[in-house]
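Please work from the sequences and hints to get the whole structure.
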Amino acid sequence: MMLSLILQQELARMQTTGGVGSPVTAYWPIMVFLVVAIIFPVLPIVLGRFLRPMMYSKTKARPYECGIDPKTEAHDRFTVRYYIVAMLFLIFDVETIFLLPWAIIFMGEDFTFTKFALLEMFIFIGILIVGYYYAWRKGALEWA
Amino acid sequence: MTLTGWEAVFFWVFAVTALMAALLTVLARNAVHSAMFLISTLVSVAALFILLGAEFVAGAQILVYVGGVMVLFLFVIMLVNVGAEERGKEAIFNRTPQVVASLLFSGLLVIGLVIGINQGWRAIQERDERDNRLVEVQVRRAQEEQALPVAATNTMKITRDTERIGNSLYRYASLPFEIASILLLVAIIGSVMLARTIKQEAVTDDLDPEVLKEAAPLITERADLTEG
Amino acid sequence: MFLLLQANTTELYSLRDLMLIAPELILTVCGCVALVMEVVLPYRKSKWTAYFALVSIGLAAASLASLYFANRDLFPLDGFYGMLRIDGFAILFKAIFLIGAALTVAVSMRYLDVEGEQHGEYYALVLFATVGMMFLACGFDLISLYISLELMALTFYVLVAFTKREKRSNEAAMKYFLLGAFSSGILLYGMSLLYGVAGSTNLGEIGRSIGVALQPSVNELGMMTSGIPLRPLILLGVIALSAGLFFKISAVPFHMWAPDAYEGAPTPVTAFLSTGSKAASFALYLRIFTEALGGLRGTALDWAPLVAIVAAITILVGNWAAVTQENSKRLLAYSSISNAGYVLLGLVAGNSYGYIGIVIYLLVYTLMNIGAFGIIISLRRRGIIGDNVNDMAGLAQKAPGMAAMMAIFMLSLGGLPATGGFIGKYFLFGGLLQRGRLEEKSWYYWLAAWAIINTVVSFYYYVRFIKVMYLGERVADDRPLALSPALRAALVVSLIGVIIIGIYPQPFIDLAQKLITPLTAGALAFR
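Residue numbers (our numbering), protein chains in the order written: chain A, 1 to 144; chain B, 1001 to 1228; chain C, 2001 to 2527.
Distance ranges between label pairs, derived from CB positions:
hint : chain 1 : residue 1 : chain 2 : residue 2 : range
1    : C       : M2019     : A       : T112      : 18 to 28 Å
2    : C       : A2062     : B       : L1103     : 48 to 58 Å
3    : B       : R1122     : A       : T96       : 36 to 46 Å
I should point out that these hints are in silico values taken from the structure, not numbers from a laboratory. For each residue, glycine too, the CB sits at the ideal point set by N, CA and C.
Have a look at this one:
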């Protein structure tokens, strides 16, 4: 009832604007994708629950049915190297985010701004390259 | 501003999802589960940003928070092995004074915010109308919107949102932008320096001779472990 | 939204803007060079980085001085679209930070040797922290203020954890980081509320908008529209801002992190944290609360009672908790908490007396606190931490000069006349009395009396150091104190500063009065 009302409103709006403009319309494909992404894993699980034969055995209840029995818990400690890698990834990820709006605007009509923006970004990246050099020479990027 | 149509539907869906997932983040027993719920909170909030028309913020949210911060969270959780000792031992809400105090303060904050925003919203609107600032902005926005090209998928016009952010970030806020690079540099130094193993330090000649002498057996032991 | 409007002007920066931040530029470049030096140099030559850091601080000080002499009448200069403002206030605080940074580097060298952690990163980080502080002193926009605050805070998280093989250092860093990040969040929340109310992040704009919002005005229909609807939002913003800033200056009830962080951090970092970081947070506090929120004084949203109550409690808790401490770093942490309370009194006074008191007190505090921590550093030996009060026992026989210096620093911290601490306290309390007379409100007098009573209490624990040094049993360790030349120089410089300001304060007072005019002018403009 409610839903049909909303649908009617939305249809009316789509006709007047040609479906262009509202943020929601642009993300319809993603919404559809989201729904498919939810259904895709949920459906087999639910279906499987009803379709599969119910047979349990001791062997089957083990974490791994074949091979060696697990000796330790699944939650094992990672080495600290993963942490450094994740941290560096995050820092340069943030740097990349800064590049995106810059890349969109730096080539505008005003060429003085282009020069300025280039300089600005060179300084930004230059300072980070010092950090990169430091991390590199200190062996933070070596795995062994 | 009232929400209509699908915007309302999506707002409520994502708002409720964000709240529920945030609640589950706090309540989950397993730290890894908490991190997973935090991811769904962040994604829902990103969707809310899109509804607000802030595409760049939404994208940054997904890239940095969901892609970067959460990976780091998971690594840290697995690094320190949270809860291996106390798994299932302790109830979460067993400290009455703390729970009462935090509920009291968050309640006060929420009440204050609701009162403040309810009263302030109208006042700000009135003031902006008086100064003609809001009208000016709205007129300009509308003009800009007219001129926008339609995207290739024919579902939407290409927005100028990111461009606007860029213009204010790289002109008006260029100094804080450069300070941010120093901030990131310090973050690099901190993470590399604090997380290096003693072996790595020995390799790059960063150890005090006496510390090295004390740590020598440890280093060879570690080397055996990593090779094995 | 209005921020985006502002961005539409097409004018770009000139060389003048860069000249305004020359000291910060020098420090940033030198910090990067120091980092590269750390990579290139072998461990045993790490000290070169320290000397290089000292030189670069000197260069920055020289360029700051040239900035001052180029603009003797101290006309406030705005740069980078109003992102920063170079005025007397900014120059004064930058000078304090540079002094603090130089002294910190000087006292660090030996300490790091003893700890076996003589790494060049340390000096690079000190330089970057100083950059953050200096941008805090001259920032005039919430965005640049917040990001420089974060730069400073992040650097200190790393510095506190610098002796990473030490458990206490790690614990301290963890506590400091968690609470610091939390308080930054609250601060940012307050800032965003202010931005929402004012529609701008520029402090001057915010001040104007709030002034307009609070003024009753008559609309077209002849009805009175008062600023009342915006008041709850402004109030929330002020409360959140204050809470975040109270964390940063370690005022009660947000002081819990300070003793743990101060105790666990490497001692030179504690010295820098309790002086530079605190002074920078006060600079931020003064900037926001005079330039943006100064108009609230005397209205229904007056923040002075809030600050006064917090200051009174801070002074009480800091002093009384310090009495029972056995660890001297922890004791000085509580002393630093109580000192934050004293400095807040200057903000409550809000007149030129109070502001002079704030800057002189912060300057003297920087000198005497780094001096006191320098002496604790000199007691540090491999195997002896030296941060227990009783470790000083018999110091007067072993090293009479050091004991005398420590005694003077302690008496100055207490505020004995003829030391620098007295001058600062004199102006802080005098400002309160003056304000009380002007407004004819008795609570200013009561507050001043409260502070004086607690100052007397504070002498108990400061004199305890002296008692232990001069009357205590000499500790078994007979080796003389190994002082590096840099540490000795830092101690002497601090001592001379404390004594000169105490005996002949007039030039400092004149200079401070001249330099803080922007604050008093800002406060007057709203009345």
